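Engineer: As they're listed, the protein sequences go chains A and B.
For the first sequence, numbering that gives the first Met the number 0 assigns the number 0 to the initial residue and increments by one for each residue that follows.
For the second sequence, numbering that gives the first Met the number 0 assigns the number 0 to the initial residue and increments by one for each residue that follows.
Quick caveat, the hints were computed from the structure, so don't treat them as lab data.
As the structure is a computational prediction, the values presented were derived from the model and not from experiment.
Possibly wrong hints are sitting among the right ones.
As the list makes no split between identical chains, a pair holds if one copy fits it or if it spans any two.
To be verified - Straight-line alpha carbon distances no greater than 30 Å define the calculated DSS-like cross-link-like pairs of lysine-lysine that follow: (1) Lys59 with Lys85; (2) Lys314 with Lys109; (3) Lys226 with Lys257; (4) Lys246 with Lys191; (5) Lys85 with Lys114; (6) Lys302 with Lys284.
There are 2 protein chains.
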Amino acid sequence: MRILLTGGAGFIGSHLADELLNQGNEVVIFDNLSLGRMSNIETALKNPNCKFIKGDILNKEELFSVFADNNFDVVFHMAANSDIAKSHANPDVDFGNTLTTTYNVLLGMKEYGVKSIVFASTSAIYGDAGVSVDEDFGPLFPISHYGASKLASEAFISSFCENYGIKAWITRFPNVVGERATHGAIYDFINKLKKNPNELEVLGDGTQIKPYLYVKDLVEAIITVWKNTNEQVNYFNIGVESRTTVKEMAEMVIEEMKLPATIRYTGGNKGWVGDVPQFSYSLDKIHNLGWSAKVSSNEAVRKSIQYILEQDLCKQL
Amino acid sequence: MRILLTGGAGFIGSHLADELLNQGNEVVIFDNLSLGRMSNIETALKNPNCKFIKGDILNKEELFSVFADNNFDVVFHMAANSDIAKSHANPDVDFGNTLTTTYNVLLGMKEYGVKSIVFASTSAIYGDAGVSVDEDFGPLFPISHYGASKLASEAFISSFCENYGIKAWITRFPNVVGERATHGAIYDFINKLKKNPNELEVLGDGTQIKPYLYVKDLVEAIITVWKNTNEQVNYFNIGVESRTTVKEMAEMVIEEMKLPATIRYTGGNKGWVGDVPQFSYSLDKIHNLGWSAKVSSNEAVRKSIQYILEQDLCKQL
Chain A
0 MRILLTGGAG FIGSHLADEL LNQGNEVVIF DNLSLGRMSN IETALKNPNC KFIKGDILNK
60 EELFSVFADN NFDVVFHMAA NSDIAKSHAN PDVDFGNTLT TTYNVLLGMK EYGVKSIVFA
120 STSAIYGDAG VSVDEDFGPL FPISHYGASK LASEAFISSF CENYGIKAWI TRFPNVVGER
180 ATHGAIYDFI NKLKKNPNEL EVLGDGTQIK PYLYVKDLVE AIITVWKNTN EQVNYFNIGV
240 ESRTTVKEMA EMVIEEMKLP ATIRYTGGNK GWVGDVPQFS YSLDKIHNLG WSAKVSSNEA
300 VRKSIQYILE QDLCKQL
Chain B
0 MRILLTGGAG FIGSHLADEL LNQGNEVVIF DNLSLGRMSN IETALKNPNC KFIKGDILNK
60 EELFSVFADN NFDVVFHMAA NSDIAKSHAN PDVDFGNTLT TTYNVLLGMK EYGVKSIVFA
120 STSAIYGDAG VSVDEDFGPL FPISHYGASK LASEAFISSF CENYGIKAWI TRFPNVVGER
180 ATHGAIYDFI NKLKKNPNEL EVLGDGTQIK PYLYVKDLVE AIITVWKNTN EQVNYFNIGV
240 ESRTTVKEMA EMVIEEMKLP ATIRYTGGNK GWVGDVPQFS YSLDKIHNLG WSAKVSSNEA
300 VRKSIQYILE QDLCKQL
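Isolated chain A, as found in the complex (with noise of 0.2 Å):
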């Protein structure tokens, strides 16, 4: 399969390179770099199969200059903004990272007769609709700009799919940690801890609890709902069926760095605004196609530690 990948240098897109690539497709990762990297991918680039294009989605003509060149099968759309508190201030990061560039590159499928897209949504789409949520879950009203802006891509893709003959695999993430994540609140922590070793400030009660999905466990996920199903529109929830709460998370990272810090709780029950305190997904749906998750929750918020930490000590030295 020859394939497109937006955000290919970025903490997911980047892992699902590699393993698109072992599985013998030929990839083009399209990336602006905002916040994917290079280093993500220099095992891929070295792979004869894999190619580089430094570009920005909210430029049609870069992209659709990338589609002119290229006869994709599909795209693996994954190039989003990812941090989901930073567009409170400003909701345009949003509306044009995470919506406008999804519609750009359902514009140029249409263009150029690309007929499959794989896409990453959220279950922030789910707004603050509570636990056991299923794929079917309604009234959708997301809480975030980012809740909004997938639910509104999800929104177009279906209406592609219907007008020009597209299928969609739709699969909605929890969090997701692990190598190569670039922010969130394991990094927050950590760096917390480096300014005040003896204080750790934790947003909210510390009693938010939502699962966290290991990325290769995810990678793993979106392929086989990609190979497994066949639908117009194909939509799947991916997660893991432990959790862990920001108390949880917050110990660990004072555990792995060896620190005396005590913990200090700015209370209420949500992080920052458009933050979904409690959370849980129903996994039937996936877990009837045979996957589930290899790494719990817990288990995959200390990888995600230990890979900073490490990380940091590789600069120092």
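Position chain B against the provided structure of chain A, taking the given hints into account.
Structural biologist: Same frame as chain A, now just chain B:
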């Protein structure tokens, strides 16, 4: 109340203007007159509480200056592309005029501290969901770009509510007919019969069945929802229990035009790509508020036919 009414010179917007003025509100109509007409607001503009500003919501500077010059209590956002079939060839029509307009209005509200929005949404967000669809239906996979743009608009309304303490009243309409309508199947049938009074070509097999809501009933319902609900995001289907088939509509047009035409169906269960062949809402939620439509679907369609034919007669005189 000081109200910004976008799309206020349009079909539905102008009826809303009349009623909001009747109820003693101050109304600033903002409309680019692409689909709206000055003749629709002739009566409204005789009211000293009504002001018209010609401008384009996609021009943020123009829009923001209206926010800056007025201290609005609430925005009734009715501006949109209303021709669903049109954007099959060019999805930008809906991405711009239906979605980006909403997004810009929300940015204006954020910037100028307006805390209430009443929004014209649509049954098209439910896609080809079938019958008795209630407000909490999922999954939401619209099949037209219009439906996608309205769902995307709802998504951003929801995230703006959470992020900036805004309240929203989302009202979802089916097909709406009545005085001042500018296009749609009734128009198409009349125009076809003017060209060929002996035969009426009808897209599909005539069995498509939908509720057609009378515009004055709709306006009453929108105001009922706005005045009688007070959640952060209030959302209601608005409709009429009865429905009309395309066959009935075609027969009524022929009857009202007093023509000897026979009907020729092109076949298939969809009139055009993105058309939803069979649709009905659950209206329990709005009925529980004490509102129900006074005019049946067939009566509403007939009123609409008679209005268009009278307008034609007036033009000839």
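Engineer: Decide, hint by hint, whether the structure agrees.
Structural biologist: Cross-check of the supplied hints:
1. Lys59 with Lys85: both (25 Å within a copy, 22 Å between copies)
2. Lys314 with Lys109: neither (45 Å within a copy, 42 Å between copies)
3. Lys226 with Lys257: So Lys226 and Lys257 fail the 30 Å test inside a copy (43 Å) and across (58 Å) alike.
4. Lys246 with Lys191: within (15 Å within a copy, 69 Å between copies)
5. Lys85 with Lys114: between (33 Å within a copy, 22 Å between copies)
6. Lys302 with Lys284: Within one copy only: 27 Å inside a chain, 48 Å across chains, cut-off 30 Å.
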